[in-house]
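Chains R and W are the protein sequences, given in the same order. Going letter by letter, the first sequence gives residues 1 to 575 in this note's numbering. Going letter by letter, the second sequence gives residues 1001 to 1168 in this note's numbering.
Be aware that one or more of the hints could be misleading.
Claimed, not checked - With the Cβ distance kept under 10 Å, some of the chain R side facing chain W (calculated, not the full set): (1) Ile224; (2) Leu425; (3) Glu452.
Claimed, not checked - Taking lysine-lysine pairs in the DSS-like style, the calculated list, with each CA pair at most 30 Å apart, reads: (4) Lys388/R to Lys269/R; (5) Lys1092/W to Lys122/R; (6) Lys122/R to Lys1146/W; (7) Lys76/R to Lys122/R; (8) Lys76/R to Lys549/R; (9) Lys1068/W to Lys177/R; (10) Lys269/R to Lys208/R; (11) Lys549/R to Lys66/R; (12) Lys208/R to Lys1068/W; (13) Lys177/R to Lys1146/W; (14) Lys3/R to Lys166/R; (15) Lys1146/W to Lys208/R; (16) Lys1072/W to Lys177/R; (17) Lys208/R to Lys1103/W; (18) Lys447/R to Lys544/R; (19) Lys1072/W to Lys124/R; (20) Lys3/R to Lys388/R; (21) Lys1103/W to Lys66/R; (22) Lys76/R to Lys66/R; (23) Lys359/R to Lys66/R; (24) Lys124/R to Lys1146/W.
Note that these hints are calculated values from the structure, not bench results. No residue lacks a Cβ here, since even glycine has one placed at the ideal position from N, Cα and C.
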Amino acid sequence: MKKILLMGNPNVGKSVFFSRLTGSQVIASNYPGTTVEFTRGYTMINGEEYEIIDVPGTYTLSPTCKAEDVACQMLKSSVEEGTVIINIVDATNLERNLSLTLELMEQSIPVIVALNMWDDTKHKGIHINVEELEKWLGVPVVPTTAVTGEGFPQLIARLPEARTPKVRHHTSEERWKDIGDIIGRIQRLEHRHHTIFETIQDLTIHAKTGLLIAAVVAYLSFIIIRFIGEGLINYLAGPFFEVLWLPFLMKLSALLGSGGFLHDILVGKLINGSIDYVQSFGVLSTALYVEFAMVLPYIVAFYFVLGILEDSGYLPRLAVLMDNLMHRVGLHGFAIIPTLLAFGCNVPGILATRVLESKRERFIASTLISIGVPCAALQAMIIGILGKHGGGPVLTVYSILALTWLVLGLLLNRLTPGFSPELLLEIPPYRFPPVALLFKKTWWRIKQFIFEAVPVVTLGVLVVNILYHLNVFEFIAGLTAPVISGLLGLPREAIIAIVIGFLRKDVAVGMLVPLSLSVKQLIVACVVLSMFFPCIATFTILLKELGWKDMLKATGIMIVTSLLVGGLVNFFLRI
Amino acid sequence: LSSNIADACCYICCFCALIRNIRTHIRNIRVSARRWGQVRRSEDQNIRLSDYQKKFNPYKLLQLTHIKWYNKIQNWSKSELTSDEKMNKEKKLIHLTHLSPGKSGIVVEIHGGHGAAHRLEALGLRVGARITKISAQPMHGPITVKVGQTSLAIGYGLAHKVMVEVEE
Chain R
1 MKKILLMGNP NVGKSVFFSR LTGSQVIASN YPGTTVEFTR GYTMINGEEY
51 EIIDVPGTYT LSPTCKAEDV ACQMLKSSVE EGTVIINIVD ATNLERNLSL
101 TLELMEQSIP VIVALNMWDD TKHKGIHINV EELEKWLGVP VVPTTAVTGE
151 GFPQLIARLP EARTPKVRHH TSEERWKDIG DIIGRIQRLE HRHHTIFETI
201 QDLTIHAKTG LLIAAVVAYL SFIIIRFIGE GLINYLAGPF FEVLWLPFLM
251 KLSALLGSGG FLHDILVGKL INGSIDYVQS FGVLSTALYV EFAMVLPYIV
301 AFYFVLGILE DSGYLPRLAV LMDNLMHRVG LHGFAIIPTL LAFGCNVPGI
351 LATRVLESKR ERFIASTLIS IGVPCAALQA MIIGILGKHG GGPVLTVYSI
401 LALTWLVLGL LLNRLTPGFS PELLLEIPPY RFPPVALLFK KTWWRIKQFI
451 FEAVPVVTLG VLVVNILYHL NVFEFIAGLT APVISGLLGL PREAIIAIVI
501 GFLRKDVAVG MLVPLSLSVK QLIVACVVLS MFFPCIATFT ILLKELGWKD
551 MLKATGIMIV TSLLVGGLVN FFLRI
Chain W
1001 LSSNIADACC YICCFCALIR NIRTHIRNIR VSARRWGQVR RSEDQNIRLS
1051 DYQKKFNPYK LLQLTHIKWY NKIQNWSKSE LTSDEKMNKE KKLIHLTHLS
1101 PGKSGIVVEI HGGHGAAHRL EALGLRVGAR ITKISAQPMH GPITVKVGQT
1151 SLAIGYGLAH KVMVEVEE
């Protein structure tokens, strides 16, 4: 099968390109380094099947971080018959992009150039003489706009024309000189006044106004997430479960004889003769309710807002503003983006740390994320359960987590050998989020959440019920009672929740409800659950990204920190 | 007689220079103390730190400045213009961190190892490129510049290695 590699600088639209060509969905955003791993897809072009690979963006072929390394390895392993590179070039930024084009042409793989973001050149008053560029490069050059699909038929039609031009080996100085010459000949810039986007651009990155705007953005995001999340719960998911699902379950319960092993697994225990969605703990009651009526609405809301932030291009500016703070914890500003992603789910967050340059940074970032950043599912449950007691306790949990994040970061920065490199980041222009793509992306993330979370949650509830029947928990609870009761001040049964936390943390928080804990105990339990052992998905990704040695180190840090902080909160928090 | 006058001038200048040298020395120590945290985390500023830690020897300093200023005065009488031009040119070269926001300049030199230069060059910030500074964050935060059509954020330590010739 013939292979097509999509290569280019970061943030030129390779992932949108990939989605267009293959019809399969990958996450695309408006900041450099969205794609950190290659994705394969298949498509038929001119009656032939092609394998298309979305390669992480890179500025040069001598990598400076792990994501770029992935790209270069991919290129090296693809030198074979029938491979074609589609070099995607940001037409609004031709000079810098052409450097990689020249490097790619030296690799003796056929190249075709796509001048992407062609529509933007018109808005920005950039005129490019495509024929002249094509003549000079010696490979086909096709203007495209991936977001709308403009130029794709031409690109596909000209794909067979891709060829390996005879290029002499340039040194980087010669390359820049050549590019400077050609740019002077083929590109003409119209003088434009500041557009409104550019004015906002300057304001958001200015020292004083920037922080103010960041605070407003954070506040607005929070309000919108709450508005959408609560709206979905109150008007959609809640009524559905109360009005439609409950009568069905009650009938099922009567059919199964209101008790017994099967009844307990499917419907759960009856509380005062009826089903309590949070406490009954059956596969069809609690498992479904927790995922669809407590967690999913917030997931939808979170990913929608995150999508807007990602696509508008605000996140890199946030990275610049946060650089000072992040340097204190041994990272640089760009690490704010993995951290934000981790607020949705820790797995993509930890994957995104690949854009950080050094191993030390990746270790610190991954550890901090898995300890101090609760995922959206966990947060939804914390808010759902602690929110009944007012905003204070919820705020307490968040403050404790934030404080731990900061203190641990300061410590890790001192104790981990090495240094953190300086921030160096391209800031993309603001773009209006493409609405269709935004909804597609949100939908895709929700779908992924449902497919990943629901089976695990169902399994978790099933395992808990079976283990209850076998009295395994009694044994574990007896074993760990000194730590759980002595240090954390929780009833000994709370260990079950912590053990289940290894599967999924949202169910684990749900398991705290039947224990009827006091507010303080709930706070301790929520804090410990967030920090303690990562859930199995996070655990696997930590192992894959850090290697087992660093993973063990990170896990050790997590266990010690969670017990320490839990103990401190238990002894010193007064309510 | 002229050599006597030259000698006298030389000693006066020498005295002034000594004071100036002590002042710069003190400033260097202060700068190094203030930037201690940053020196540790940036790539190759350790070399500069050892410069600051040199033993302070007033006699040696006196001797050296004497020679330096003697040569300078001798040269002044010979070619006043050229040295003036030289000083002017030197004045225009500044660190990117000292460029004020809104000003433009040409990158003349990138200090530091190959790594720093390579990372910057990949993003289009190379010797000979024309850049415009957009903003700087307080407390040695990152600097934002425009290179061609690209906006870049550069950490303070890295930006300090970039030498810029200011455009008037």
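Notebook entry, point to check: Regarding the pair Lys1103/W and Lys66/R, is the alpha-carbon distance no greater than 30 Å?
Noted result: With a Cα-Cα distance of about 35 Å, the restraint between Lys1103/W and Lys66/R is violated, given a limit of 30 Å.
Check: Given the proposed pairing of Lys208/R with Lys1068/W, does the C-alpha separation stay at or below 30 Å?
Finding: Answer violated: Lys208/R to Lys1068/W is near 46 Å, above 30 Å.
Notebook entry, point to check: Does the structure keep Lys177/R and Lys1146/W at a Cα separation of 30 Å or less?
Noted result: holds, 19 Å
Check: Does the structure keep Lys549/R and Lys66/R at a Cα separation of 30 Å or less?
Finding: Between Lys549/R and Lys66/R the Cα gap is close to 18 Å, so the pair holds against 30 Å.
Next item on the list: Quickly compare the C-alpha distance for Lys359/R and Lys66/R to 30 Å and report which way the hint goes.
Entry: Distance ~9 Å between Lys359/R and Lys66/R Cα, so the pair holds.
Item checked: 30 Å Cα cutoff - pair Lys124/R, Lys1146/W -> holds, 15 Å
Next item on the list: Would you mind confirming whether the straight-line C-alpha gap from Lys1072/W to Lys177/R stays at or under 30 Å?
Entry: violated, 40 Å
Margin query: Run the distance test for Lys447/R versus Lys544/R: straight-line Cα separation, threshold 30 Å.
Written below: holds, 24 Å
Note to self: Hinted pair, alpha-carbon criterion (30 Å max): Lys1146/W, Lys208/R. Please report holds or violated.
What the structure shows: Holds: Lys1146/W and Lys208/R sit about 20 Å apart, inside 30 Å.
Note to self: Check the hint pairing Lys208/R with Lys1103/W against an upper bound of 30 Å on the C-alpha distance.
What the structure shows: holds, 19 Å
Margin query: Would the hint on Leu425/R be counted as holding, given a Cβ-Cβ threshold of 10 Å to chain W?
Written below: holds, 5 Å
Checklist line | Hint consistency between Lys76/R and Lys549/R [alpha-carbon to alpha-carbon, up to 30 Å] | finding: Within the cut-off at roughly 29 Å; holds.
Going through the hint list in order, the structure does not satisfy hints 1, 3, 5, 7, 9, 10, 12, 16, 19, 20 and 21.
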